[in-house]
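Make a model of the complete structure from these sequences and hints.
Protein chains in written order, with our numbering: chain Y, -7 to 102; chain V, 3 to 115.
Since the hints were derived computationally from the structure, they do not count as laboratory data. Mixed in with the good hints, there may be bad ones.
As the list claims (entries may be wrong) - What follows is a list of derived Cβ distance ranges for each label pair:
hint, chain 1, residue 1, chain 2, residue 2, range
1, Y, G51, V, I7, 26 to 34 angstroms
2, V, P10, Y, E31, 14 to 22 angstroms
3, Y, E47, V, Y12, 38 to 46 angstroms
4, Y, F37, V, Q43, 31 to 39 angstroms
Treat the numbers as computed from the prediction; the structure is a model and nothing was measured. Ideal Cβ placement from N, Cα and C applies to all residues, glycine included.
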Amino acid sequence: EDKVVQSPLSLVVHEGDTVTLNCSYEVTNFRSLLWYKQEKKAPTFLFMLTSSGIEKKSGRLSSILDKKELFSILNITATQTGDSAVYLCAGLNYGQNFVFGPGTRLSVLP
Amino acid sequence: DAMVIQNPRYQVTQFGKPVTLSCSQTLNHNVMYWYQQKSSQAPKLLFHYYDKDFNNEADTPDNFQSRRPNTSFCFLDIRSPGLGDAAMYLCATSPTSGPDTQYFGPGTRLTVL
Chain Y
-7 EDKVVQSPLS LVVHEGDTVT LNCSYEVTNF RSLLWYKQEK KAPTFLFMLT SSGIEKKSGR
53 LSSILDKKEL FSILNITATQ TGDSAVYLCA GLNYGQNFVF GPGTRLSVLP
Chain V
3 DAMVIQNPRY QVTQFGKPVT LSCSQTLNHN VMYWYQQKSS QAPKLLFHYY DKDFNNEADT
63 PDNFQSRRPN TSFCFLDIRS PGLGDAAMYL CATSPTSGPD TQYFGPGTRL TVL
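Shown next as structure tokens:
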């Protein structure tokens, strides 16, 4: 059965800290891995990763995929209170099925 | 401009009273998804349409049905809602070509009394 595991499930940091969120996956016919940010509304897309070792960056956020070890990390540097959210990782297979992990709830304190 | 639209945003129904949630998209994406998300949990896929091909997840209860009359619209029918069906229902779309991504609608929050 396909599954996506995220760790930690919950994280509390102070503004300015750097955080690393982990995602491991077992997805049959894996195609790509996606990261989403969810505040009190629907998830919003952050990154899509298809190839190993190529870092994607967007401002203070970056992510990388390791297809050999079947994991991805999402880094957030110089965290801000606006980064507080649940970060979801999802694996996509060639059947267009998305498998979501449980999410990491990040709380950034002022 | 809204790309994935869900109506209503909030739905209150009574135990056992059928309810229909709607989703429309302006993206012309081939694939449409329905997810159920309960508090503090990840979205759980109920089913998806690849064009007109319906794909049901094995553990989706029979109580949940879906219709996709055309590319733009998709409906979620809950035939006899139970208290355990109270949740946020998210519709999403994705293209079959181009970047892999998924666009979510704002969701419909269902309350069952």
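May I ask which of the numbered hints given earlier this structure violates, with the numbers listed in increasing order? 4
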